[in-house]
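K.L.:
Here are the chains, one letter per residue:
2 protein chains.
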Amino acid sequence: MGKKYLYLFEEGNATMRDLLGGKGANLAEMTGLGMPVPQGFTISTEACTRYYEDGEQIADDIRSDILEYITKLEAKTGKKFGDIENPLLVSVRSGARASMPGMMDTILNLGLNETVTEAFAKKTNNPRFAWDSYRRFIQMYSDVVMEVSKAHFEKLITDLKAKRGVESDTDLTAEDLKELADQFKAEYKESTGDDFPTEAKDQLFGAIKAVFRSWDNERAIIYRRMNDIPSSWGTAVNVQSMVFGNMGETSGTGVAFSRNPSTGEKGLYGEYLMNAQGEDVVAGVRTPVPIGKLEEQNPEVYEQFKTIVSTLENHYRDMQDMEFTIEEGKLYMLQTRNGKRTAAAALKVATDLVDEGMISEKEAVLMIDPRVLDAVLHPQFDAAALKSAKPIGTGLPASPGAATGEVVFTAEAAVKAANDGAKNIILVRLETSPEDIEGMHVSKGILTARGGMTSHAAVVARGMGTCCVSGLGAIKFSEDETSFTLGGKTFKAGDSISLDGTTGNVYEGLIATVDASISGEFKRLMDWADSYRTMKVRTNADTPADAANARRFGAEGIGLCRTEHMFFEPDRIAAIREMIVADSVEQREAALEKLLPMQRGDFEGIYEAMSGLPVTVRLLDPPLHEFLPTDPDDIAALAKEMNISLENLNAKIASLHEFNPMMGHRGCRLDVTYPEIGVMQTRAIIEAAINVKTAHPDWDLVPEIMIPLVGDVKELAFVKNIVKTTADAIIEEAGIDLPYLVGTMIEIPRAALTADEIATEAEFFSFGTNDLTQMTFGFSRDDAGSFLDAYYANKIYESDPFAKLDQNGVGKLVETAVKLGKQTRPDIKLGICGEHGGDPSSVDFCYKAGLAYVSCSPFRVPIARLAAAQSALNDK
Amino acid sequence: MGKKYLYLFEEGNATMRDLLGGKGANLAEMTGLGMPVPQGFTISTEACTRYYEDGEQIADDIRSDILEYITKLEAKTGKKFGDIENPLLVSVRSGARASMPGMMDTILNLGLNETVTEAFAKKTNNPRFAWDSYRRFIQMYSDVVMEVSKAHFEKLITDLKAKRGVESDTDLTAEDLKELADQFKAEYKESTGDDFPTEAKDQLFGAIKAVFRSWDNERAIIYRRMNDIPSSWGTAVNVQSMVFGNMGETSGTGVAFSRNPSTGEKGLYGEYLMNAQGEDVVAGVRTPVPIGKLEEQNPEVYEQFKTIVSTLENHYRDMQDMEFTIEEGKLYMLQTRNGKRTAAAALKVATDLVDEGMISEKEAVLMIDPRVLDAVLHPQFDAAALKSAKPIGTGLPASPGAATGEVVFTAEAAVKAANDGAKNIILVRLETSPEDIEGMHVSKGILTARGGMTSHAAVVARGMGTCCVSGLGAIKFSEDETSFTLGGKTFKAGDSISLDGTTGNVYEGLIATVDASISGEFKRLMDWADSYRTMKVRTNADTPADAANARRFGAEGIGLCRTEHMFFEPDRIAAIREMIVADSVEQREAALEKLLPMQRGDFEGIYEAMSGLPVTVRLLDPPLHEFLPTDPDDIAALAKEMNISLENLNAKIASLHEFNPMMGHRGCRLDVTYPEIGVMQTRAIIEAAINVKTAHPDWDLVPEIMIPLVGDVKELAFVKNIVKTTADAIIEEAGIDLPYLVGTMIEIPRAALTADEIATEAEFFSFGTNDLTQMTFGFSRDDAGSFLDAYYANKIYESDPFAKLDQNGVGKLVETAVKLGKQTRPDIKLGICGEHGGDPSSVDFCYKAGLAYVSCSPFRVPIARLAAAQSALNDK
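As you go down the protein sequences, you meet chains E and S in turn. Sequential numbering from 445 applies to the first sequence in my numbering. Sequential numbering from 445 applies to the second sequence in my numbering.
A portion of the hints provided could be inaccurate.
Heads up, the list lumps identical chains together, so a pair's fine if it works in one copy or across two of them.
[What the hints assert, rightly or not] Think about it this way: if two alpha-carbon atoms lie no more than 20 Å apart in a straight line, the pair counts; the simulated EDC-like pairs of lysine to aspartate or glutamate are:
{"no.": "1", "residue 1": "920", "residue 2": "1027"}
{"no.": "2", "residue 1": "867", "residue 2": "882"}
{"no.": "3", "residue 1": "1158", "residue 2": "1233"}
{"no.": "4", "residue 1": "1158", "residue 2": "660"}
{"no.": "5", "residue 1": "920", "residue 2": "1102"}
{"no.": "6", "residue 1": "980", "residue 2": "1000"}
These are calculated hints, taken from the structure and not from any lab test. Bear in mind the structure is a predicted one, so any value in this text is a computation, not a measurement.
Required output: the full structure, derived from the provided sequences and hints.
P.N.:
Spelled out as structure tokens, the structure:
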């Protein structure tokens, strides 16, 4: 006997979601609960996988299984495919493990042909209903199964209405609809070259194939990538005998939630239409009425429905989203599922269910998708306002939230506009650089044409909690960069646009937004999460303000303080440039001497903000040329300011040129060549710590000095020696007891491969998974945009490895480094400070890999806290 | 009892080289053979390691051991340190495992002070000799131990000779020399601030420390890096009682070889000086006489020496290089070692020793350092001419051999000069690019200011066998690039320079060269090597000419044919640019259609040249912008040629800009985005194979198509599908039986980490260790020059990871990939095509890792053959 691919609803249950898909499993569960579910069967997700394995064909064994189950369904319902007396009509719907809006939804009324319709008209004594059902079926089948454009059919309807001189579809008679069905079939033949199928079985196989195919359409692929759904899952297909909400005034159809999906308020919420099929509710031609009205129209059915809703919510122990149909006064349940909800509703429902005793605190913590927290921490578009807006382009969702405002093209213009009182500024750039920081700060949203999820714009925007869409390659700037075109429109400075940093969508004009609102439920839930969490959550913060912000979000330390981000302030950039241009150690030391008090001040501020929580400071990382101007005018100005010849300065800049700056003279390599930089930074870190510790002797202040870009234990030892010699001398002179740690980023593959050696010197490892991902994959995040789309389209990559840690490759290096590091130094402190620290699936990987903490940008701290709690709970 | 750090000569033997160093082990061995060796002891290399571990201090336990051994030596010789009757005088010499010219050589006459000298004068009845010995000791000790400049002492001698009105040192009297000794001591005090040590033990500890220190001076570090000697080895110190060749006319000293070190001819070869110390022979003030003369001067000693030489050669079974001293008619042996020899001599000695029955063929194969073969394959500087030349700069030894000629600054100028009949052209560039190929071809040598050992210039030059020095950062070009300065001199076009691609040295003017000469011995030795070798040796060749050349050197196939190198020919670059600029698939296909016949022709030529040996062709690898011009004039010309607007072309070029081209849109990523490129290349490869196979049905032609830069099995599968679909259709249409393989480079860390998955698709792996090294270390070979010097100087790296495979990091990835690859596909074909394929230690690693072949540039094929033979022999 072959594999079982098909299941009657009565053969399944809710635990079989992987096999039957969400919809199928729940139809089975409701059937088991004795609820009024039209009978049917589910073709499993494994059949979908077979379909693709077999070269997009339904294998013969599955075909004959399907025919066998149709026979079973015929026996159960007493109806028959193509039968004139009592025809079996079915709906066909897709249903994956996870709900997927990108896929085919539904085909209704399958099984009709001209003869059957004729008979159906007689049987129901309602010819108009019968012919309307038939023309709807042809229309739906043509569109969904054969991809014949809907517009063709709409035109035929409009033409006929004009001919008849009527306004509304409902004014068309049974005869009209029959004529329309003929015209539709002719259109079908013209578009596809084939006759419209009259055999119910042919129609069925066509529909099933269409469902399987829809698993792999572009929208579905994009949705899966955005939601971490593997393409190997496949979709199930549900074949269910039809019930009709459009059989007259005692029939109807509707959708309802057991609680309000926007607010989470308890109570039945939904709407329905009498004498209608599902599509009418959705299409918006007629206005549905609130579900409460049903109590007046049919109190018996209303009571029955309320009981079912309550049973389902109690059974599933979560808010339900249901579809139902009333056929001539009799209620049928067509679907139930855990309802989608806004972030605010998710928090309210979870806490309410705990208060109602329906679920435990643990279950509440596990119930919330950590990613939705973004929405309660950032402004969002008003849902109603967004409904009518069409995106003019879609970039990468680089930093979540919504922003709406007027375009500026330079950081300077942004600052000027802000000084002039402008509140809503959208900074649009080819790409941003550290010099743009101030302008980014005053902007509500940032849009760039280049750069990935971890480009400068993306990282900085996330740190500030500012909405950002990056890498929107479709933007074309005018040569003088005073305008850009997108979606066929040209935008100049002052024009309005809106950005959705959560989806990457960009809209023309101003769209209303609603502010972030952190509710009491948020705090309750996060407190529960923290009580189960075992892994620490730190933040990546470079300034006292960032650090303070992150503490509000629950950060338990700083995992990455990037010292270079402090260097771009106007009062510092001059000194750093002086250092770069220096020709001798003495000149360089003189310039560093100017930077010392500023850096020390920065660190004091950060230590103060963190009140003794651990702070990891990374020594200077980027290549020095990043601090030099590139524009000829700016270079000339700098030469003047520095009092050196333009020729000398140009020669210096040329000598710093790099082919591949990512893999160039940066990180610890700077300290090997210019030890005085490491000396200055160590002094600033340690002197600041001494000052703060003196002011707060009770704080447990242990600075963690992190040496970046290490690939060999000897280079770590070399730089560590600079750090220790400097630090120990200062500490001894101060006569204070100040423990400190020296560790390294693990961000170069070689460091992971030789972590046993590295750990002889490193007192902690912090996985820099941004760079580690770049090196392991061999591509630069700034350049990958040119080919990644093709990789997604061809399903080579299913997710962005810079957003979701590649466990198969990069993860192996992390695991190797953890193992080797602990081998040498069992108590080594392990953490992650790459962008992945704020991604739930990556947080889970870090938990399983045995890391002590994750560190992420301030606004992601709550996400990481919740994700870490879920990992700990799931581990039990 | 502590560790044993000291050994009397009689306690050691030749097998203890690791501990006693080469010199010490051989002195011990000669002692054991009963030869006349002045007694002494060796301080082991472990004492040197201790010295560094203890913070550059001689530990107390070793100090007391040394004093104990001095007492033993005193007892053996009957002499005593500081004794007026019979003073013990010693020499102190360094001696590492491997001979190292960068280290301290010798201090003689240690133990003398004023009182002892006085007594010594009486005892020897030769006051002039005694005072001369003393002043020499002061001079040597000051220079070597305390780094007081020699010039100071030379000036004092010159002044005294002027005062006395004499010409020669030998005209100075005993009194003069005594006065000089006083002046020297005063100079010593002035330079060092201390009195010259009078205690023999203080002198001894000073000298021992100087030897230890010299292990780590800059010259020694550079020498070690160039010769793969780890810094952990340390040096031994030999303390030996003095014998004097300058005691009068029956005394003398000399050096001799058991065979001629230049030619390998059998027979005693060397020179000596009577009444002299070793330094006199070297200094060249007096002219030494040929060793044969000794037969007349002292036939008894000559016979004794000849017997010793013969015994030693038979004992060591290799040509010996010896030092001896005759003290008042008595012969003493001071050193023996296997003699350094030219490459030609090495081959002759090895084959002669086989013919003489002294060694086996296997031993002959193991005797030759594979790296010396470079010298017999390339022109070299005439040794005599080179002696008087001083390098004006030193770059990287990028491609071996010597070249001398006139400077040109552009590839065009090189071509023009060649057309005008110039024979000796030296192309000097900031860096080379593929456009320079033709100019490089006509040049005798190539010098670049930028780029590492695997830069474009280096790779291409090695392929052509042309001398190249790369990455000479000290070169400063004038702004208009019509001249450069180096070593304080300015060079214009037409000025003469000479390059040594084996050392990296650059000289002013023309230096005579001797041509490469492949001898009969070379062939004999390579045949022996091949008979023991188990690993195949292929070559990296991109043209039929390269391929033919490599076959002459014994290549057994092509491991890497880089298709892009064919694209720069003037007739192709237009088509490739047309393809890049194309806006649609159709335009791109049209341009590719033009390239197809040319590529097919290339491959036909290569298959023909290889007569059915395996040929691995790599699909297009570099990012497309490498093929576009960068100069504004060239861009304008191209726009005109392509008949597109300058604005459009500039926009296209801008859109191809990459921040990190190394990690950008290249390799298989090109085929994913533009499958039509892969289709065209596959067609060319397969159609050419069909044509050649049709002409030579007996050839076993199996094209190997290699997909570069793979990081994920899915991208390999995607491109492989393009290749197979195309190839299978062509083969089927041709109705021919043509097997072919599809495999991949392993050059991205992720590919190595997931090699089990990759091997499900790949039929072979070729390790691209250039890129793998870059990604694993996280630095770009083109940019590393700015910091690598600091890494070498600080002993962080001891060798260039692009020249010698990093077994600890990159090697781990190779081993992982081999293991995982074989796990999935036990018969997977494994090779290496990175530059490391021609480096002996890396070849040995490949052998141990289980690779089936190495592939390297044509001129390195013999090196790889010999190295692979040695690996196989050493494995037994």
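K.L.:
Evaluate each hint against the coordinates.
P.N.:
The hints, checked one at a time:
no.	hint	result
1	920 x 1027	between (42 Å within a copy, 16 Å between copies)
2	867 x 882	within (15 Å within a copy, 61 Å between copies)
3	1158 x 1233	between (40 Å within a copy, 15 Å between copies)
4	1158 x 660	between (50 Å within a copy, 16 Å between copies)
5	920 x 1102	between (27 Å within a copy, 17 Å between copies)
6	980 x 1000	within (7 Å within a copy, 58 Å between copies)
When each numbered hint is compared with the structure, no violation occurs for any of them.
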